[in-house]
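**Q** For reference, the chains in residue letters:
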Amino acid sequence: MTSEPHLVVTEVSKRFSGVQALERASLSVRRGSITSLIGPNGAGKSTLFDIITGFESPDSGHIEFGGRRITGLPAYRIARLGLIRTFQMTKVLTKLSVIDNLCLAAKSHPGERLSDLIWRPKAGRTTERRVARKAEEMLALFRLEAVAGDYAGTLSGGQRKLLEFARALMAEPELIMLDEPLAGINPTLRRELLGYMQQLRDSTGRTFFFVEHDMSAVMSVSDQIWVMSNGRVIAEGAPMVVRQNQAVVDAYLGARRGPGPTLQELR
Amino acid sequence: MDTFFNVEFWAFVGIVAGIYAIFALGLQLQFGITGLANFGHVAFMGIGAYTMAILIIQGDQSVWIAALLAIITAIFFAAVIGLVTLRLRADYLAITTIAFSEIVRLLAVNLRWLTGGPEGTTNLLGTGKATNFSAPWMVLLGGLRDRLSTLTGLEFSTNLTMLLIVWMVVLILTVLLSLMVRSPWGRVLKAIREDEDAARALGKNTFWYKSQALMIGAALAALAGLIYAIQFTYFSPQDVEPLLTFFGYVIIIMGGIGSIVGTPFGAVIFGFLFAGTRFFDFPPFSLLQSPERASLRLIIVGALIVGIMALRPQGLFGKKEELALDQ
Numbered sequence: 013m014t015s016e017p018h019l020v021v022t023e024v025s026k027r028f029s030g031v032q033a034l035e036r037a038s039l040s041v042r043r044g045s046i047t048s049l050i051g052p053n054g055a056g057k058s059t060l061f062d063i064i065t066g067f068e069s070p071d072s073g074h075i076e077f078g079g080r081r082i083t084g085l086p087a088y089r090i091a092r093l094g095l096i097r098t099f100q101m102t103k104v105l106t107k108l109s110v111i112d113n114l115c116l117a118a119k120s121h122p123g124e125r126l127s128d129l130i131w132r133p134k135a136g137r138t139t140e141r142r143v144a145r146k147a148e149e150m151l152a153l154f155r156l157e158a159v160a161g162d163y164a165g166t167l168s169g170g171q172r173k174l175l176e177f178a179r180a181l182m183a184e185p186e187l188i189m190l191d192e193p194l195a196g197i198n199p200t201l202r203r204e205l206l207g208y209m210q211q212l213r214d215s216t217g218r219t220f221f222f223v224e225h226d227m228s229a230v231m232s233v234s235d236q237i238w239v240m241s242n243g244r245v246i247a248e249g250a251p252m253v254v255r256q257n258q259a260v261v262d263a264y265l266g267a268r269r270g271p272g273p274t275l276q277e278l279r
Numbered sequence: 002m003d004t005f006f007n008v009e010f011w012a013f014v015g016i017v018a019g020i021y022a023i024f025a026l027g028l029q030l031q032f033g034i035t036g037l038a039n040f041g042h043v044a045f046m047g048i049g050a051y052t053m054a055i056l057i058i059q060g061d062q063s064v065w066i067a068a069l070l071a072i073i074t075a076i077f078f079a080a081v082i083g084l085v086t087l088r089l090r091a092d093y094l095a096i097t098t099i100a101f102s103e104i105v106r107l108l109a110v111n112l113r114w115l116t117g118g119p120e121g122t123t124n125l126l127g128t129g130k131a132t133n134f135s136a137p138w139m140v141l142l143g144g145l146r147d148r149l150s151t152l153t154g155l156e157f158s159t160n161l162t163m164l165l166i167v168w169m170v171v172l173i174l175t176v177l178l179s180l181m182v183r184s185p186w187g188r189v190l191k192a193i194r195e196d197e198d199a200a201r202a203l204g205k206n207t208f209w210y211k212s213q214a215l216m217i218g219a220a221l222a223a224l225a226g227l228i229y230a231i232q233f234t235y236f237s238p239q240d241v242e243p244l245l246t247f248f249g250y251v252i253i254i255m256g257g258i259g260s261i262v263g264t265p266f267g268a269v270i271f272g273f274l275f276a277g278t279r280f281f282d283f284p285p286f287s288l289l290q291s292p293e294r295a296s297l298r299l300i301i302v303g304a305l306i307v308g309i310m311a312l313r314p315q316g317l318f319g320k321k322e323e324l325a326l327d328q
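Protein chains in written order, with this note's numbering: chain A, 13 to 279; chain B, 2 to 328.
Since the hints were made in silico from the structure, they are not lab data.
Idealized CB from N, CA, C, for every residue including glycine.
One or more of the hints may lead you astray.
Unchecked claim - Beta-carbon label-pair distances, calculated as ranges: (1) A:Arg141 x B:Phe286: 54 to 62 Å; (2) A:Ser29 x B:Ala311: 42 to 50 Å; (3) A:Arg203 x B:Arg90: 40 to 48 Å; (4) A:Ser25 x B:Leu312: 55 to 63 Å; (5) A:Arg132 x B:Gly127: 31 to 39 Å; (6) A:Ala144 x B:Ala295: 51 to 59 Å; (7) A:Ser109 x B:Ala311: 27 to 35 Å; (8) A:Ser109 x B:Leu180: 12 to 20 Å.
So that you can see chain A by itself, here it is in the shape it has in the complex:
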């Protein structure tokens, strides 16, 4: 992990008809780190994800990815720069097979261009074979090989989370943003996925930035944690530091009515 920032969010604000979803939120993610974003439900984490990835535009503030300003770029352009995200409410393509869901993520696939289909049909076929092989490896890694040919719509909630995670990795992102990747996944597989994240970070220098409510997971793998509450970033630091931050504890206590970690879990 270097100290070079991979993603920098500067003073981003967003208002949705009367609700201040984000208020001058600033944070940064170091290249090659596993960084997590936590906070009570409604803190603005998913909105921030949407704004970073171009699915929403900020009222003010800007975002830099890899030293390049990406504020206002369309979502697909941001994805092509190597910033791939998943969604809190999974978006698997129900009437496509599981393997097709993965193959879709391949980047710069000549078979996806009509002109190349006509003039260089071979290039498309070669790429497709390579992509399919990689998809199969990914399926094995995520324990989905048994359902490779099934419609993605037949998968369980947890399997859909896995598929989305795998699909995001298929796109060979530099930075991958995961919105609650562990929700609905069994504890054994959770540990494996977290281990895999660490392994990928160490071997490829990939950056992970994720939102997660599983505090033990967050505390065990994160290099750095950002905490949000009511649209603001209220704390930042290594797991040890954040755990002892009074503002963080208060934010979670203030939101006790909603689901979230207990005081014990935080400590």
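Chain A is already provided as a structure; the job is to place chain B on it using the hints.
**A** Just chain B now, with coordinates in the frame of chain A:
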């Protein structure tokens, strides 16, 4: 009863079914594969037919040049419609396209100097100067018919020759579109149908893919339109009624939503139900007055379609598992 055994009549029905098939293939690509609710498909058929007729009669162009320019014109309008609607939510596309198709129809009625007005292309050079843009094509077709007859030793009629040509076109288009839809390109279109945001998040320029689907579909509608105009030697604003778009939907639903191969089959069933019931002049139909018979015919067609859908809700070639995933 005579018409029932008349080869010429069934050849004619077959031609119309083939034209419906080409028309519906465009809609299948747009709606069945990409999920674009185009409710103004007939407009592109009208643009194709009118552009060709006008270019032949007023512009003195050959059939081929006119046909090519007609398709290009339809593609151009599809691109423009796409530009203004495809960034909006899906339902806006539906509203905009149906409005567009009505605008095209009303322009065809009112721009007399250009379209010949409500009487259609016969008045393209003004009333009283009946025109016919099909003449050069008919000469070509006649030559082809004679050559086919000598080649096979069978007696080919003009209609049978046309039937052969139209269904050759349908076959080629069906194979071509099937290959396209099965390619990674087609996979992106299906992904857009399932969840456009997911496709965007993976770096797909969904706007451009949707535009392509719209333009290719429009080209197919225009092709259907100009074959239709040639076959009937005449085209009028009545042929641009919104009802025709919905015939297209009936066809793709019967063939199976999302199935390119099913589309021509849906067209044949629809074409034969619709045109085939036209000359039911045997009892009990012969006991009725002709307007009553016409209404009864629509009722029968409707009932048969309901029956088919009750037996096979996924359509002929649709996949039942996919239907279950919608719930």
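**Q** Confirm or reject each hint.
**A** Hints, one by one, checked against the model:
Taken as a hint, the range 54 to 62 Å holds for the pair Arg141 of chain A and Phe286 of chain B, whose Cβ atoms sit roughly 59 Å apart. In this structure the hint that Ser29 of chain A and Ala311 of chain B lie 42 to 50 Å apart at CB holds, the actual value being about 45 Å. Checked against the hint of 40 to 48 Å, the pair Arg203 of chain A and Arg90 of chain B passes, with Cβ atoms roughly 41 Å apart. Checking the proposed 55 to 63 Å range against Ser25 of chain A and Leu312 of chain B shows it holds: the Cβ atoms sit about 57 Å from each other.
At roughly 52 Å, the beta carbons of Arg132 of chain A and Gly127 of chain B sit outside the given window of 31 to 39 Å. For the pair Ala144 of chain A and Ala295 of chain B, the supplied restraint of 51 to 59 Å holds, since their beta-carbon distance comes to about 55 Å. Against the hinted window of 27 to 35 Å, the Cβ-Cβ separation of Ser109 of chain A and Ala311 of chain B comes to about 29 Å, which satisfies the hint. The beta-carbon spacing between Ser109 of chain A and Leu180 of chain B, approximately 18 Å, falls within the hinted interval of 12 to 20 Å.
The earlier numbered hint that this structure contradicts is number 5, and it is the only one.
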